[in-house]
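S.K.: So the chains spell out like this:
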Amino acid sequence: MSVSLSALKVPALRYRFSSETLLKLLFLLAALALMLIGLALPLYTMLLKSLQNGAGDFIGLANYRHYFSTPALANSIFNSFYIAILTMVLVVSLAFMCAYGITRTCMPGKRFFRVLTLLPILAPSLLPAISLVYIFGNQGYLKELLGGASIYGPIGIVIGMCFWIFPHALMILVTALSNSDARLYEAAKAMKTSAFRTFMTVTLPGVRYGLMSCSFVVFTLAITDFGVPKVIGGQYNLLATDIYKQVVGQQNFQMGAVVSVILLLPAVFTFIADRWVQRRQTSQLSARAVPYQPEPSRVRDWTFALLCYAVAGFILLIIGTAVYASLIQFWPYNLSFTLQHYRFDGLGGNGWESWFNSLKMAGGVALIGTLVIFTNAWLVEKSKEFPVLRQSVHLFSILPMAVPGMVLGLAYIFFFNHPSNPLNFLYGTLAILILNTLIHFYTVCHLTSMTALKQLDPEFESVGASLKVPFWRTYTRVTLPVSLPAVLDISVYLFVNAMTTVSAVVFLYGPDTRLASVSVLHLDEAGYFASAAAMAVLILLTSMAVKVMHAGVTFLLLRKAQSWRQR
Amino acid sequence: MHSLQQSSVAALVSSAANPIENRKKSADICLKIEALCKEFGDFTALKSIDLEIHEGEFVCFLGPSGCGKTTLLRAIAGLEMQTRGKVFQKSKDISNLPPQKRDFGIVFQSYALFPNLTLEDNIAYGLKNQGLCKSAIRTRVQELLTLIGLEGSERKYPAQLSGGQQQRVALARALATEPGLLLLDEPLSALDARVRLHLRQQIKQLQQTLGVTTVMVTHDQEEALTMADRIVVMNHGVIEQIGTPEEIYRQPVNAFVAGFVGTMNLIPIEVESSASVLLGKESLPCLPHELNKGDQASLAIRPEEIELFDVMPNEAALEARVTHTEYLGAFLRVTCDLLLLNQEITVDLQHIDAERMIVAQGREVFLKLPQRYCRVFAEQVH
Numbered sequence: 001m002s003v004s005l006s007a008l009k010v011p012a013l014r015y016r017f018s019s020e021t022l023l024k025l026l027f028l029l030a031a032l033a034l035m036l037i038g039l040a041l042p043l044y045t046m047l048l049k050s051l052q053n054g055a056g057d058f059i060g061l062a063n064y065r066h067y068f069s070t071p072a073l074a075n076s077i078f079n080s081f082y083i084a085i086l087t088m089v090l091v092v093s094l095a096f097m098c099a100y101g102i103t104r105t106c107m108p109g110k111r112f113f114r115v116l117t118l119l120p121i122l123a124p125s126l127l128p129a130i131s132l133v134y135i136f137g138n139q140g141y142l143k144e145l146l147g148g149a150s151i152y153g154p155i156g157i158v159i160g161m162c163f164w165i166f167p168h169a170l171m172i173l174v175t176a177l178s179n180s181d182a183r184l185y186e187a188a189k190a191m192k193t194s195a196f197r198t199f200m201t202v203t204l205p206g207v208r209y210g211l212m213s214c215s216f217v218v219f220t221l222a223i224t225d226f227g228v229p230k231v232i233g234g235q236y237n238l239l240a241t242d243i244y245k246q247v248v249g250q251q252n253f254q255m256g257a258v259v260s261v262i263l264l265l266p267a268v269f270t271f272i273a274d275r276w277v278q279r280r281q282t283s284q285l286s287a288r289a290v291p292y293q294p295e296p297s298r299v300r301d302w303t304f305a306l307l308c309y310a311v312a313g314f315i316l317l318i319i320g321t322a323v324y325a326s327l328i329q330f331w332p333y334n335l336s337f338t339l340q341h342y343r344f345d346g347l348g349g350n351g352w353e354s355w356f357n358s359l360k361m362a363g364g365v366a367l368i369g370t371l372v373i374f375t376n377a378w379l380v381e382k383s384k385e386f387p388v389l390r391q392s393v394h395l396f397s398i399l400p401m402a403v404p405g406m407v408l409g410l411a412y413i414f415f416f417n418h419p420s421n422p423l424n425f426l427y428g429t430l431a432i433l434i435l436n437t438l439i440h441f442y443t444v445c446h447l448t449s450m451t452a453l454k455q456l457d458p459e460f461e462s463v464g465a466s467l468k469v470p471f472w473r474t475y476t477r478v479t480l481p482v483s484l485p486a487v488l489d490i491s492v493y494l495f496v497n498a499m500t501t502v503s504a505v506v507f508l509y510g511p512d513t514r515l516a517s518v519s520v521l522h523l524d525e526a527g528y529f530a531s532a533a534a535m536a537v538l539i540l541l542t543s544m545a546v547k548v549m550h551a552g553v554t555f556l557l558l559r560k561a562q563s564w565r566q567r
Numbered sequence: 001m002h003s004l005q006q007s008s009v010a011a012l013v014s015s016a017a018n019p020i021e022n023r024k025k026s027a028d029i030c031l032k033i034e035a036l037c038k039e040f041g042d043f044t045a046l047k048s049i050d051l052e053i054h055e056g057e058f059v060c061f062l063g064p065s066g067c068g069k070t071t072l073l074r075a076i077a078g079l080e081m082q083t084r085g086k087v088f089q090k091s092k093d094i095s096n097l098p099p100q101k102r103d104f105g106i107v108f109q110s111y112a113l114f115p116n117l118t119l120e121d122n123i124a125y126g127l128k129n130q131g132l133c134k135s136a137i138r139t140r141v142q143e144l145l146t147l148i149g150l151e152g153s154e155r156k157y158p159a160q161l162s163g164g165q166q167q168r169v170a171l172a173r174a175l176a177t178e179p180g181l182l183l184l185d186e187p188l189s190a191l192d193a194r195v196r197l198h199l200r201q202q203i204k205q206l207q208q209t210l211g212v213t214t215v216m217v218t219h220d221q222e223e224a225l226t227m228a229d230r231i232v233v234m235n236h237g238v239i240e241q242i243g244t245p246e247e248i249y250r251q252p253v254n255a256f257v258a259g260f261v262g263t264m265n266l267i268p269i270e271v272e273s274s275a276s277v278l279l280g281k282e283s284l285p286c287l288p289h290e291l292n293k294g295d296q297a298s299l300a301i302r303p304e305e306i307e308l309f310d311v312m313p314n315e316a317a318l319e320a321r322v323t324h325t326e327y328l329g330a331f332l333r334v335t336c337d338l339l340l341l342n343q344e345i346t347v348d349l350q351h352i353d354a355e356r357m358i359v360a361q362g363r364e365v366f367l368k369l370p371q372r373y374c375r376v377f378a379e380q381v382h
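Those sequence lines, one after another, are chains A and B. Residue numbers for the first sequence, in the numbering used here: 1 to 567. Residue numbers for the second sequence, in the numbering used here: 1 to 382.
Honestly, I wouldn't trust all of these hints.
Straight line, CA to CA, 25 angstroms or less: simulated DSS-like cross-link-like pairs of lysine-lysine [as the list claims (entries may be wrong)]: (1) B:K47 <-> A:K468; (2) A:K384 <-> A:K24; (3) A:K384 <-> B:K101; (4) B:K101 <-> B:K128; (5) B:K86 <-> A:K245; (6) A:K382 <-> B:K204; (7) B:K134 <-> B:K156; (8) A:K384 <-> A:K468; (9) B:K90 <-> B:K32; (10) B:K101 <-> A:K560; (11) A:K384 <-> B:K92; (12) B:K92 <-> A:K560; (13) A:K24 <-> A:K110; (14) B:K90 <-> B:K134; (15) B:K47 <-> A:K384; (16) B:K128 <-> A:K24; (17) B:K92 <-> A:K468; (18) A:K360 <-> B:K101; (19) A:K454 <-> B:K90; (20) B:K128 <-> B:K156.
Incomplete in silico selection of chain A near chain B, CB under 8 angstroms [to be verified]: (21) E20; (22) G364; (23) Q455; (24) D457; (25) E459; (26) A545; (27) W564.
From the structure, some residues in chain A lie toward chain B, with a derived Cβ separation under 10 angstroms [what the hints assert, rightly or not]: (28) Q340; (29) R343; (30) L347; (31) K382; (32) E385; (33) P419; (34) N421; (35) L423; (36) N424; (37) G428; (38) L430; (39) S462; (40) L467.
Just so you know, these hints were derived from the structure itself, not from any lab. All figures in this text were calculated on a predicted structure; none of them were measured in a lab. All C-beta atoms, glycine included, are put in the ideal place defined by N, C-alpha and C.
Can you build the whole structure from these sequences, using the hints too?
M.R.: What follows is the structure in structure tokens.
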């Protein structure tokens, strides 16, 4: 690749700089600057910090030696892996069965089930943990089911993580299982192959990359999650919660940096492995494949239906509990209905103000983020000049996925809070929260944009240029309108994630910019469980409202555009 | 079907007197390409291309896929930057100009019509930038719609049109700004055979009416032969031959062009003298050439240029046995084995000749290879 890049570079340099080329260069440089300031430099500062002592002197690997010689700290590595692998096995097998039910059986209520499984994504990961406390905690109404075991610890963490990671896994596996070729099944049938053998030789090989990719995603989400273990982890230490404890609890920034680097490693490795698998996955399915249409089978359909309904029931139980807890006076002594928990009066925190902050932040991320990410993706995919620059922007756009939120948040403290940094003024403002969240969720949006852009005719830009129309006009008149569904998807994805995220922003809010999700955390820490549940439910409702709005707008747009979209 | 088309190509070419060509020779040069090279990493797509295109001319780049014809077109448009070499448009050096600073209209294989814009907006896309007033734009759009036979469809979207109609809209959009050069990148290859035939004539007619200099890329030899004033045959990034359709078909300069355009028998021979070759042991007179005695070479002759007899003729003839016959309507394609060489050779028999002779599988026949058609080429290096 490097050969072709350098070969292309020479004529690119000779290219006479027209105003349009210059503008593209400026945009690309701005994109690169964003990535440097928002990702590379903070991470670099954090790496340096982990090699320094409290006074800022370089001490080599001494911090790491200290870390590994302190069992209380190093144990977290084992714990984190244990939890992540357990979650991975549980979620992937459960999600596989449900995805199989959706794609390969005629079970009733598929659509309803799929809508329901979206709910956990719309809530902060703190919500399942709070609900679990109400269900299985010391005064939980199903406490007996645990048979004396405590929900505070590995059990609670794993159940909570399963709840909010399940939808992610389900989406990947439904996609993988949808890409089936009916002809293979017909061939197997024609050769009188048993159902089991068909499953082992046709179905499983077809989804193996999907399964691998799904496992990586679940593992990464589980090992980096902060919300669930924070609320329900009890004395069980994980890497993600250790960072918080070191930084917020003990003000030991160096050790926080060390734990961050250690947490970064498995995330980076799974990221690399996932990219490797994805590269292999291409063109598995020929264009002539006929999609598989399941035939009804009573026993099979109802088996999967019952399994999926059980999962749906559990999701409803968790969310229902949070809603219920937020609406009663005082569990379990006074069960009368009240709305007082939604007033958040005199509870420390900023109450409704934090909700407005979250709205502002999420709106900002959705608006700015969509514009920036889609435009950058367009520059990377659709322009011809500056191949080296475009490649680096692309690489930087894929990297954020490998960086856990806690690590990114801490890295921002080190970088932006440094007194000699000219960007220091950003610290504690809404702007830094927007920047951080934008970078945190950059990758998925970038990849979505790239996919949408690749579906467009590659010659739109050439036609525009041949007609002497400046590129920005073709971008606004053709590219953006045609990609509008994808653009809306991105903006909603950003909004919902900005609304629900805790991990990165927990380090970065200022006195006036406390967010709703952070409020949930603080209310829970302070023992106002009902108010914490109320705030979590509020976030869930906000996300749901936005999601519904998005569905409505998309529907209207597509109907309006139907005249030209129809084939 | 395929061979049928080739025969019709032969018919078209032999009848195509070309008075236009001579006129063009003296005309102004519209486009000049000098020592143009394009490399993609280790791969050389174009090796030092030199070419002149005259004002008002219709030129086709013809070649197999991967021969560099599209790259050359894109280099002319500025969509692909050449590694070395220069491009001049009307004696102005445009080598380093971006596409928007060059003067051309282009139609792509996919048409690249903007799906969210109406036909009117698509065609007016480039006009809006020229500072024309609204009514002038509307008049011009109407004019173009009439020209392509789609008047009254200005409110339609591209998806509501057939492939052929979309193609014409793309053409109108490219012509709207009255460019000095029209570039067509395989404009017909996405259409089905019948529409393609019809559009071929339409495009050619339009080009002649407007007199716009046109460069078209195609891998379809029939398209090139019927539409072009001059054909540029390309292979492996070099120009193999430039000439009128008739020159390309009747006087190919090497074995590649001979084999690529139309059907050609390429028979391995040994050079005997400057006007004869050895076919096995048999000496055969041929067209004069510059190869050395003893060289291994190919003798090229078209199926319709061979004379076939079912009884031994008076003159010297080659004995052959029929291995296969194909009935193709207008003519009969006879495949036979030359007895002294064990070499397959294809002969086309006109319907009238086929009727009065008994030519069936296994029969012995006699072939005469007229000297004026026996071209001799060195073996291809590629």
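S.K.: If a hint holds in the structure, say so; if it doesn't, say that too.
M.R.: Evaluation of the provided hints:
1. B:K47 <-> A:K468: 30 angstroms, violated
2. A:K384 <-> A:K24: The hint holds at about 10 angstroms.
3. A:K384 <-> B:K101: Status holds; Cα separation ~16 angstroms.
4. B:K101 <-> B:K128: 17 angstroms, holds
5. B:K86 <-> A:K245: 66 angstroms, violated
6. A:K382 <-> B:K204: Outside the cut-off at roughly 33 angstroms; violated.
7. B:K134 <-> B:K156: 19 angstroms, holds
8. A:K384 <-> A:K468: Between K384 of chain A and K468 of chain A the Cα gap is close to 16 angstroms, so the pair holds against 25 angstroms.
9. B:K90 <-> B:K32: 8 angstroms, holds
10. B:K101 <-> A:K560: Answer violated: K101 of chain B to K560 of chain A is near 36 angstroms, above 25 angstroms.
11. A:K384 <-> B:K92: Since the Cα atoms of K384 of chain A and K92 of chain B sit roughly 24 angstroms apart, the hinted pair holds (cutoff 25 angstroms).
12. B:K92 <-> A:K560: 47 angstroms, violated
13. A:K24 <-> A:K110: 46 angstroms, violated
14. B:K90 <-> B:K134: 31 angstroms, violated
15. B:K47 <-> A:K384: 22 angstroms, holds
16. B:K128 <-> A:K24: 23 angstroms, holds
17. B:K92 <-> A:K468: 18 angstroms, holds
18. A:K360 <-> B:K101: 44 angstroms, violated
19. A:K454 <-> B:K90: Status violated; Cα separation ~36 angstroms.
20. B:K128 <-> B:K156: 19 angstroms, holds
21. E20: 7 angstroms, holds
22. G364: At 28 angstroms from the nearest chain B Cβ, G364 of chain A fails the 8 angstroms test, so the hint is violated.
23. Q455: 11 angstroms, violated
24. D457: 4 angstroms, holds
25. E459: Hint holds; E459 of chain A Cβ to chain B Cβ min 4 angstroms, cut 8 angstroms.
26. A545: Violated. Min distance 29 angstroms.
27. W564: 4 angstroms, holds
28. Q340: Violated, because the Cβ-Cβ distance from Q340 of chain A to chain B comes to roughly 51 angstroms (cut-off 10 angstroms).
29. R343: 48 angstroms, violated
30. L347: 51 angstroms, violated
31. K382: 12 angstroms, violated
32. E385: 9 angstroms, holds
33. P419: 46 angstroms, violated
34. N421: 39 angstroms, violated
35. L423: 35 angstroms, violated
36. N424: Since the shortest Cβ distance to chain B is 41 angstroms, the answer is violated.
37. G428: At 43 angstroms from the nearest chain B Cβ, G428 of chain A fails the 10 angstroms test, so the hint is violated.
38. L430: 35 angstroms, violated
39. S462: Given a least distance of 5 angstroms, the restraint on S462 of chain A holds.
40. L467: 3 angstroms, holds
When held up to the earlier numbered hints, the structure conflicts with 1, 5, 6, 10, 12, 13, 14, 18, 19, 22, 23, 26, 28, 29, 30, 31, 33, 34, 35, 36, 37, 38 and fits the remainder.
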